[in-house]
Amino acid sequence: MGCIKHKIKILSRARKMNEAKAIAMVVGFALLCCSAPAWADTFLGLDTPPGGRVVSKTDHQLEMAYDQDPATVRDFYEKFLKEEVDVKFKDRGGKIVVEDHDSRPWHSITIDKDEKGHTGLTIRKDSWGWIVGTLILRFFGVFAVLLVLYLAMSITGAIVSRAVKLGEAKK
Amino acid sequence: MTSYEMWEMLVGIAHTTGLLSFDWRLIVMWIIAGAFLYLAIAKNFEPLLLLPIGFGIFIVNFPLVPLMGISDEGHGELLRLFYHYGLEWEVIPCVIFLGLGAMTDFGPLIANPKTLLVGAGAQLGVFVTFTGTILAGFSLKEAASVGIIGGADGPTTIYLTQHLAPQLLGANALAAYSYMAMVPLIQPPIMRLLTSAEERTIRMKQLRPVSQREKILYPLITSAVIALLVPSVIPLMGMFMLGNLMKESGVVGRLTETAQGDLMNIVTIFLGISVGATMQADKFLSAKPLLIFSLGLIDFAVCTMGGILTVKIMNLFLKEKINPLIGSAGVSAVPMSARVSQVMGQKYDKHNHLLMHAMGPNLAGVIGSAAAAGMFIAMFN
Chain W
1 MGCIKHKIKI LSRARKMNEA KAIAMVVGFA LLCCSAPAWA DTFLGLDTPP
51 GGRVVSKTDH QLEMAYDQDP ATVRDFYEKF LKEEVDVKFK DRGGKIVVED
101 HDSRPWHSIT IDKDEKGHTG LTIRKDSWGW IVGTLILRFF GVFAVLLVLY
151 LAMSITGAIV SRAVKLGEAK K
Chain C
172 MTSYEMWEML VGIAHTTGLL SFDWRLIVMW IIAGAFLYLA IAKNFEPLLL
222 LPIGFGIFIV NFPLVPLMGI SDEGHGELLR LFYHYGLEWE VIPCVIFLGL
272 GAMTDFGPLI ANPKTLLVGA GAQLGVFVTF TGTILAGFSL KEAASVGIIG
322 GADGPTTIYL TQHLAPQLLG ANALAAYSYM AMVPLIQPPI MRLLTSAEER
372 TIRMKQLRPV SQREKILYPL ITSAVIALLV PSVIPLMGMF MLGNLMKESG
422 VVGRLTETAQ GDLMNIVTIF LGISVGATMQ ADKFLSAKPL LIFSLGLIDF
472 AVCTMGGILT VKIMNLFLKE KINPLIGSAG VSAVPMSARV SQVMGQKYDK
522 HNHLLMHAMG PNLAGVIGSA AAAGMFIAMF N
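Here the protein sequences line up with chains W and C, keeping their order.
First residue of the first sequence? That's 1 in the working numbering, and the numbers climb one at a time after it.
First residue of the second sequence? That's 172 in the working numbering, and the numbers climb one at a time after it.
A couple of the hints might just be wrong.
[Said to hold, decoys possible] In silico DSBU-like cross-links for lysine-lysine, where the CA-CA straight-line distance does not exceed 35 angstroms:
#1 W:LYS90 / W:LYS113
#2 C:LYS386 / C:LYS483
#3 W:LYS125 / C:LYS492
#4 C:LYS386 / W:LYS170
#5 W:LYS125 / W:LYS171
#6 C:LYS214 / W:LYS165
#7 C:LYS376 / W:LYS165
#8 W:LYS165 / C:LYS492
#9 W:LYS171 / C:LYS376
#10 W:LYS79 / C:LYS454
#11 C:LYS490 / C:LYS454
#12 C:LYS483 / W:LYS170
#13 C:LYS386 / C:LYS459
#14 W:LYS170 / C:LYS518
#15 W:LYS165 / C:LYS518
#16 C:LYS483 / C:LYS518
#17 C:LYS214 / C:LYS490
#18 C:LYS285 / C:LYS386
#19 C:LYS492 / C:LYS454
#20 C:LYS459 / W:LYS82
#21 W:LYS171 / C:LYS521
#22 C:LYS285 / C:LYS521
#23 W:LYS165 / C:LYS459
#24 W:LYS165 / W:LYS57
#25 C:LYS376 / C:LYS454
#26 W:LYS79 / C:LYS459
#27 W:LYS170 / C:LYS454
#28 C:LYS521 / C:LYS386
#29 W:LYS88 / C:LYS459
Hint data in this document are derived by calculation from the structure and do not stem from the laboratory.
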């Protein structure tokens with residue numbers, strides 16, 4: 001009887017060990033899966049493409065250099081950010097600028113090519129420069145729209161008033 | 172029937188009533204609805220809008236009411252349909268602008284087009300508040316939709332909010348219409364603060380008469396300028412100018428009458444109830460609406476300041492001075508803010524009639540806030 005009990009104990013311990021191993025394997029696999037998309041570096045919560053060298057790094061700006069061509073780096077971000085509706089890709093004079101129009105910790109990513117043929121990647125944090133700049137421009141934009149309307153109305157007013165006066169004079 | 176079956180049936184019936192799904196937040200929403208109904212009925216503050224809005228808030232804040240959800244058959248329930256086709260499709264703000272255009276006389280603005288610049292200056296608060304709203308933790312699109320509240324133009328606020336941050340529609344629309352109703356309370360202290368006694372008594376030359384030809388040309392010119400420079404708001408401004416052209420042409424009296432009367436009334440009902448219906452307790456009761464109301468007030472105040480300061484700057488260059496009291500009318504709120512300028516002017520000089528002069532910046536404010544909205548839409552497109 002005692003022997004049977006001992007065997008059952010051993011068996012249940014072995015089962016527990018197997019269960020523990022299975023759990024450990026699942027957890028390990030899950031950790032592997034989770035760590036797979038983590039790239040070489042992240043900056044302000046944004047993954048950077050693998051294989052780059054850090055040129056300079058502050059709290060607000062990260063500059064990296066890559067041997068790959070700019071299109072590859074762009075492809076990385078296009079794939080990575082394709083779900084983000086507020087992120088815009090713009091081509092500005094040979095530079096690719098990825099701008100965030102929401103409220104992420106990073107504001108823009110600039111991808112360009114230097115004289116040596118290296119691809120440069122600059123991630124900037126501070127969106128305040130952009131916000132204040134665009135707001136001032138747009139405020140003056142409203143003035144410009146109404147100024148154009150003012151000029152158009154003044155000219156039309158002058159022409160119509162003259163035409164009315166001429167018409168009255170003829171009568 | 173056994174007593175157990177009877178009990179089960181009673182429990183089943185109780186579950187189909189709203190009694191078992193009651194939530195204390197609904198009572199808070201009833202109080203908010205009650206406040207708006209009180210303002211509309213007892214105080215006569217923008218009753219055409221605040222009454223249906225207040226009732227919309229009240230009626231959607233009952234458990235299990237089939238008003239704003241999707242039915243089992245997969246189609247929208249009553250108020251959701253109004254909201255979907257009226258606001259999500261951006262139809263109602265544009266139709267309201269058609270009616271407003273059919274009611275508006277642009278004569279004072281055509282006679283003194285300089286006042287267009289006052290309408291631009293009065294958009295200062297829109298841009299200042301944008302910055303403040305971001306600091307308060309809103310996203311850029313939300314900040315733009317909150318900023319436009321200061322433009323004091325309900326349809327423009329709804330149009331832009333629906334475009335950029337539909338989740339804020341109820342709070343933004345309510346803030347815009349509430350502050351528009353409170354123009355006579357908000358603006359006078361700012362007007363007194365920014366003007367000297369001498370400035371308040373400036374008398375302006377009587378406006379020249381405007382011919383019908385000019386009035387007919389005006390909507391065409393404005394439509395062309397807006398379509399060229401800020402095309403994103405042409406649905407609003409195009410309808411506004413169509414309404415005005417119908418009125419000024421004088422050849423489509425029946426259409427004009429319909430646009431400014433029955434059509435306007437019909438869409439106002441749908442607008443009010445749809446906006447109110449967006450304010451369900453689970454979506455509305457958070458810190459954001461409170462922040463929107465606070466920021467909206469600052470916005471309104473800064474827009475008023477912007478209009479007055481623009482007149483003061485213009486006066487530095489003008490031979491014939493403009494009374495800075497009309498600057499406050501640069502926020503839209505037609506014609507309430509123009510009336511405030513008139514009342515304030517007459518307090519200091521009983522024979523100074525500023526109403527028609529103030530209508531210029533007032534109408535310019537409508538165009539200015541639409542232009543500002545267009546700038547924001549362009550910013551995110």
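For each hint, the structure was consulted:
no.	hint	verdict
1	W:LYS90 / W:LYS113	15 angstroms, holds
2	C:LYS386 / C:LYS483	29 angstroms, holds
3	W:LYS125 / C:LYS492	47 angstroms, violated
4	C:LYS386 / W:LYS170	23 angstroms, holds
5	W:LYS125 / W:LYS171	71 angstroms, violated
6	C:LYS214 / W:LYS165	50 angstroms, violated
7	C:LYS376 / W:LYS165	21 angstroms, holds
8	W:LYS165 / C:LYS492	27 angstroms, holds
9	W:LYS171 / C:LYS376	29 angstroms, holds
10	W:LYS79 / C:LYS454	33 angstroms, holds
11	C:LYS490 / C:LYS454	54 angstroms, violated
12	C:LYS483 / W:LYS170	43 angstroms, violated
13	C:LYS386 / C:LYS459	43 angstroms, violated
14	W:LYS170 / C:LYS518	46 angstroms, violated
15	W:LYS165 / C:LYS518	39 angstroms, violated
16	C:LYS483 / C:LYS518	20 angstroms, holds
17	C:LYS214 / C:LYS490	43 angstroms, violated
18	C:LYS285 / C:LYS386	17 angstroms, holds
19	C:LYS492 / C:LYS454	50 angstroms, violated
20	C:LYS459 / W:LYS82	29 angstroms, holds
21	W:LYS171 / C:LYS521	41 angstroms, violated
22	C:LYS285 / C:LYS521	25 angstroms, holds
23	W:LYS165 / C:LYS459	58 angstroms, violated
24	W:LYS165 / W:LYS57	71 angstroms, violated
25	C:LYS376 / C:LYS454	52 angstroms, violated
26	W:LYS79 / C:LYS459	33 angstroms, holds
27	W:LYS170 / C:LYS454	68 angstroms, violated
28	C:LYS521 / C:LYS386	31 angstroms, holds
29	W:LYS88 / C:LYS459	27 angstroms, holds
This entry does not satisfy hints 3, 5, 6, 11, 12, 13, 14, 15, 17, 19, 21, 23, 24, 25, 27, going by the numbered hints stated previously.
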